[in-house]
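Asks: Make a model of the complete structure from these sequences and hints.
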Amino acid sequence: DAKTTQPPSMDCAEGRAANLPCNHSTISGNEYVYWYRQIHSQGPQYIIHGLKNNETNEMASLIITEDRKSSTLILPHATLRDTAVYYCIAGGSGAGSYQLTFGKGTKLSVIP
Amino acid sequence: DAGITQSPRHKVTETGTPVTLRCHQTENHRYMYWYRQDPGHGLRLIHYSYGVKDTDKGEVSDGYSVSRSKTEDFLLTLESATSSQTSVYFCAISAWTSAKETQYFGPGTRLLVL
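The listed protein sequences correspond, in order, to chains H and R.
Letter 92 of the first sequence, counting from 1, is numbered 92 in my numbering, and no numbers are missing.
Position in the second sequence (first residue = 1) + 1000 = my numbering.
No lab work stands behind these hints: they were computed from the structure.
Under 8 Å between C-beta atoms, here's a sample of chain H residues computed to sit facing chain R: (1) S41; (2) P44; (3) K104.
All values derive from a computational prediction rather than experimental measurement.
Cβ atoms here follow ideal geometry from the backbone N, Cα and C, with glycine treated the same way.
Replies: Structure representation (structure tokens):
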């Protein structure tokens, strides 16, 4: 998996958009960008992933730069329940046996 | 949650004791994984399985063995537990989401080796 770099922590006001950046400058052409989050000590929760195009689902949007060296996860209206550690992972090729390499992530604190 | 359960959820054991953790899934997924999570290390892959009786080592496999005799169960065994194996253990499966493959995690097992 390619190495990713994320800020260790961020704050966001409740109701505002949370924009979490990630750098993955060594990502290879067939590697996806994945985002997971982990709330307190629960199991990591899948959020979204993409290859080249921007993606949106019911939880978040993923914006990937054209050169694919960085991406941004957007939570459009952050709530207190979105307080968690967010992990950006570059890897996997859809072969089924890929290994996800989790770094230290970004601790997002949503503030009332 | 992709139908993943782990048992036990909490366990305290003594050094040198064998321990087996169970991961059970109800949706017939082919790929299953065991990770451990420790402060300062994130999640690290221990072993994974790509089918019944088909397993392979991950990044931190020393001191662990696995077995998969049925599609729905993936067992992680610590033959002789050590204090360094105190950790939170997560099981995961691979599933297809919107024509893409990703991993979904179980709730975790907290293991304390005294």
